[in-house]
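Take the given structure of chain A and dock chain B to it, following the hints.
Read off the chains here:
There are 2 protein chains.
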Amino acid sequence: MRLERAAALAPGGVGNIGPGLDVLGMAVTGPGDRVIAERADEPGVTMSGAGHADLPRAADKNAAGIAANAVLERAGTLRDGVRLTLEKGLPISGGQGGSAASAVASAVAVNRLLGNPLDAIALFECALVAESQLSGRHGDNLASALFGGVILVRSLDPVDIVSLPWPAELRVVLAHPAQRLDTAAAREVLPSFIDRASVTAAMANVAAMVAAFASGDMALLGRALDDQIAEPARAVLLPGFVEAKAAALKAGALAGSISGGGPTSFYITDSDSTAAKIADAVRAEYDSRGIACDTRVSRVAPKGALTLADDATSA
Amino acid sequence: MRLERAAALAPGGVGNIGPGLDVLGMAVTGPGDRVIAERADEPGVTMSGAGHADLPRAADKNAAGIAANAVLERAGTLRDGVRLTLEKGLPISGGQGGSAASAVASAVAVNRLLGNPLDAIALFECALVAESQLSGRHGDNLASALFGGVILVRSLDPVDIVSLPWPAELRVVLAHPAQRLDTAAAREVLPSFIDRASVTAAMANVAAMVAAFASGDMALLGRALDDQIAEPARAVLLPGFVEAKAAALKAGALAGSISGGGPTSFYITDSDSTAAKIADAVRAEYDSRGIACDTRVSRVAPKGALTLADDATSA
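Heads up: the sequence lines are chains A and B, in that order. Residues in the first sequence are numbered consecutively from 0, following numbering that gives the first Met the number 0. Residues in the second sequence are numbered consecutively from 0, following numbering that gives the first Met the number 0.
For the record, the hints were derived by calculation from the structure and aren't laboratory data. Keep in mind that this is a model prediction, so the values were computed, not measured. Each hint should be verified, as a subset may be incorrect.
Identical copies look the same in the list; a pair holds intra-copy or inter-copy alike.
Below, computed lysine to any residue pairings styled on SDA-like, alpha-carbon distance capped at 25 Å [claimed, not checked]:
| no. | residue 1 | residue 2 |
| --- | --- | --- |
| 1 | K302 | D216 |
| 2 | K249 | S154 |
| 3 | K249 | P157 |
| 4 | K60 | M217 |
| 5 | K60 | G48 |
| 6 | K249 | V158 |
| 7 | K249 | D156 |
| 8 | K249 | D159 |
The following block holds chain A by itself, in its conformation from the complex (with noise of 0.2 Å):
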C-alpha cells in the first residue's frame, strides 16, 4: 500500500537536565511539533509553511525540511517528491527542545510516508543533520524527541542511546520567560577548555544523576543535579534566571538549571502541590522584574515520536 500522507507527532523536552551537557535530556508532556508528510509531484522536499512566522520556510534552513531531505536521501529515494506541513506546538528558541521535534517529526513522519525503510537509528541521524546545522551536533534532545522517556546519549560515533527509567513521583516545573536566546550564542558562551577538578564534579553528578533515576532516589537527584559549567556561563545571558531559581528552591523544589541553551528553566520536585508553588513562585519573581513568564507543571513524557500513535496516515 503506498501512502499519500504520513504525520508524527514530537515532544518536547529539557536537554542537559543539568549537568548533563549534551548527554542527559527528557521528554516532557504538554506541547510538541507534528509534521504531516503529502506525496507532491516534484521531486524532493517542499515546505506547505514554515511552521512559525520567525522560521525559515526554505527546506533546506528548516528543521523539518532538513530531517526530511536527509530520509530521502538516506532511503536512496530522492526521486520521490515529499510536501511538509509542520504544526509548531513548541516555543522558537524556548529551551524546550522545539527545533530537534521538529526535526524527529518530520524524519519520521517521512519514513511512515516511505514504508519505514529507515530504523530508529538511521532516523536519529537524520534528524542530527539538521540539529548540527541549526543548533549544534548534539543529541540529548533528538533522542528524548524520538524515544520519549530519560536518555542519556553514551556517543554519537557511533550513536548510542540508553533509556533510563525515572521515579514515577517526578515533577518538572518549565518556566518560559519572555526572552529569546539563540541556541548558537547559548553554546558561545560555553567554555572551550575545563579544569580538571570541575570535570570530576560534572562527571560525578552526571553519574550520581543516573544512579538516581535507576535507584528512584529523588533526594540523590536533587543533590547531583547541579551544573556549574553550562548554568553560570548562560546565567549572565538570562536576566532574572538566579533570582528565579532561587525562589523555586525556596518554594520546595529539589533542584532546577536552564533547560537546554535557555531562555526556559526546569524544576523539579515529586508532588502536584510543590510543583504548583514552585510555579507561582517563578512566574512572582520574573512578574517583580517586568518579565512575562509561562508555566506548566509537566511529568516525563514516557512516548516519543516513534511510538506516539498519529491517525492522520491514510493511503
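The following block gives chain B in isolation, referenced to the frame of chain A:
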C-alpha cells in the same frame, strides 16, 4: 567494656574503573590490608612496623598511622595510646588501592578499639586525611575499601557516596606487572584542563557505566568503559600496557584500563573461562617483553572494612 585490641581488614580495589577518574571505584576479592590496633601506654599513635620494608614507619608518614591519628583527634581522645600493626596484603604503589585500604582498615580498627565513637562518614573523612597527604585528595579507593562493592563518590565536600549494584557475572582480571609507579607521578601526567568535547564524552561514558551497573547490561559496560583522559596520559609511563590491553581484548575482554594510577591493569568479562584466557594472554604479552606479571581473577567484593568480620578483637 574497654577493648585492649581490635582489628579490621579492608579489601583492595580498582580506582576510577576506567573513565570515572576519582569518581568510580570497586572493591575486589583477593588480598587486603589488615590493621591491628592495641592499647599502649604512650599517648598518640605508634607503629610496631611499617607493614612493608619500603613504607615509612613513622606514624605521621604511614597511611595507617595518619588515619589512626585522625580518628583519635576526631573522637577527642588524643591522650589515648594506640599501637598499630599493619599486615600489608596489597602491593605497594600497585594501583590496587593499597594505601587507601591501609588507611581505612586503620580507621575502622582504631574506631572499634575506642568503642565506635565515629560513624561511617567520619571514618571516611579520617582515611581521606591520609589519602590526601600521600596520593591526592580523592575518595574512590577509600569508599570501596570502607563500604565494599561498587561505589560512586558524588562529592567530597560534603561527603556524598552512592553504592551501586553490579551484575553477578562480572569478573575482573587484575594484571600486576613488575613495575612500580608512584601515585603522585601518575597524577602529575594528568591534563590540568580538558577540552569540552572530551569532557562530554567522559561524562557520557561514566554515566553509561552507572546505567550498565544498574541494569546489568555487560555489553554497555564494555562500551562505556573507555577512558580517553587518564589512560592515554598514563599509558606512556607503563611500557607494555597498550600491548597487554590489546591482547586482553583479543582474548575476549569486554574492556580494560589502568587500575587507579597503575601499574596494575584490569579487564572485565562475564565468565571464569574467558577471564582465565585474558589472564594468560596478558601475562604472555608481558613475558614476551621480559616483564614478570602477576594476574588474578577477582569478583566484586561485596563487603568493605565496615562490615567484614575480624575476630582479633579482645577485651
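Quick rundown of the hints versus the structure:
In this assembly of identical chains, K302 and D216 lie within 25 Å of each other by CA distance both inside one copy and across copies; the values are 23 Å within and 22 Å between. For the identical chains of this complex, K249 and S154 are inter-copy neighbours only, at 23 Å across copies versus 37 Å inside a copy, given an alpha-carbon limit of 25 Å. In this assembly of identical chains, K249 and P157 lie within 25 Å of each other by CA distance solely across copies; the values are 21 Å between and 42 Å within a copy. Proximity of K60 and M217 under a CA criterion of 25 Å is satisfied in neither setting, with 41 Å inside one chain copy and 41 Å between copies.
For the homomeric pair K60 and G48, the shortest alpha-carbon distance inside one copy (12 Å) is at most 25 Å, but the shortest distance between copies (74 Å) is not. Proximity of K249 and V158 under a CA criterion of 25 Å is satisfied inter-copy only: 24 Å between copies versus 40 Å inside one chain copy. For the homomeric pair K249 and D156, the shortest alpha-carbon distance between copies (22 Å) is at most 25 Å, but the shortest distance inside one copy (41 Å) is not. For a Cα distance limit of 25 Å, the shortest separation of K249 from D159 across copies, 23 Å, qualifies, whereas the shortest one inside one copy, 38 Å, does not.
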